[in-house]
Amino acid sequence: MAVNSTALDMASDLAELGTLQEVEDPPDDVWIPGKMPDAPAKSRQVLRSAFAHEQSGGGTTDVRRPIHPHSEDSAHLDPILALDDFTVALPDGFPDHAHRGFITLTYLLPSSPGGLTHEDFLGNAGTLHPGDAQWMTCGRGILHSEVPASSFFARGLQMWINLPEKEKMAAPEYLELPRARQLRAATAGVKAAVLAGEALGHHQDGPNHGPELVLLVPDGGSLWSFFHVLFFADWTSSFSRQAPWARVHYTMEPGAVLHQPIPEGHTAFIYTLAGGVVVADVVADAHHCLILSAAAGEDGVTVRTQSSEASFFLCAAKPLREPVVWQGPFVMCSEEQIRQSMLDYQCDQNGFERASSWNSRNKLRMVT
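When the letters of the sequence shown are read in order and numbered with UniProt numbering, they come out as residues 1 to 368.
Do not take every clue at face value.
As the list claims (entries may be wrong) - Okay, the calculated beta carbon distance ranges per label pair:
#  : residue 1 : residue 2 : range
1  : M366      : M342      : 21 to 27 Å
2  : V278      : G328      : 23 to 29 Å
3  : A280      : D38       : 27 to 33 Å
4  : H97       : P261      : 35 to 41 Å
5  : G297      : D348      : 38 to 44 Å
6  : M366      : G297      : 50 to 56 Å
7  : G58       : G328      : 17 to 23 Å
8  : D348      : K42       : 48 to 54 Å
9  : P261      : Q349      : 27 to 33 Å
10 : M342      : P261      : 37 to 43 Å
11 : S151      : H97       : 19 to 25 Å
12 : V325      : P91       : 32 to 38 Å
13 : A41       : V282      : 18 to 24 Å
Unchecked claim - Derived DSSO-like pairs: lysine-lysine, alpha-carbon spacing no greater than 27 Å straight-line:
#  : residue 1 : residue 2
14 : K35       : K363
15 : K318      : K42
16 : K318      : K166
What the hints contain is simulated information worked out from the structure, not anything from laboratory work.
We put the CB at the ideal spot given by N, CA and C, even for glycine.
Whenever a hint applies, use it, and build me the whole structure from the sequences.
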């Protein structure tokens, strides 16, 4: 009986990929002393609070979308385009798909039971383990896949950040930022793990290509036992590609107080994951998106926990104030640019030269 070579190739690929299915134990975290910033002269207020409902993607995929392309608050979020809070396990996943014109930041939550594999048509491949982050500059075009590493659920967040028009056709780039490389600081019931930028009086350099990234992750405990903040601030890089942004992720104990500077004029929001947090006079429970004000003189925000621990992300960014035209996986500045992007993808040109001939091995994980 003849043996199908394609079947043999698939079996070989699956065997090779099988080594990626195991989720590594989290690293031992070492915390250095930090310093809490002074309280802001004028703290930001909450303009609106909205609950992010769970949307089933079918099978083992569930997504909450606190920020989406048709959000009525888009003017208060620029340049943040979207935020997904996802849970996915095999045999589901996100097979080969294209992007152009923005940056993605994928962060696998520290409490995630499983990992998430990634592969793109530039030859980059890897696995995000709990607490790891990966950002990708889509630029003029990229094709990639994101698939759970095993039947254990991968739980994480993915954010889309707009690129200025002059940078939308830049060369694509991809980088994983593992938990083990993060600097960690702690003070007064607050902990911060830093990938790049400023947090609790400490600084860590970010990647030398693309936006400076700061992402703070909790210690080794359960995600639901901590308070998490994601914050965007000024950065410098060799590309000077994106409007100033950075990321910081905090954890806070019950009754703790955080003062976080935010540059005046930056847009900002909070997405809660669990527990109750207080901003101004607003109490936010899990899965609420709080749009923060950006009035003159507001130079930061004060956030408090009450009698229980809590978990959330706070984001802020310098707005681009450019037109945004969104069509599927492409984010550009005009309808004509969108039409050209679709033509480029269909014709394998201008950044998508390998699109029709590339198939990820990663998507073989979705074979039942």
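* Which hint numbers does the structure go against, in order from smallest to largest? -> 2, 3, 5, 9, 14
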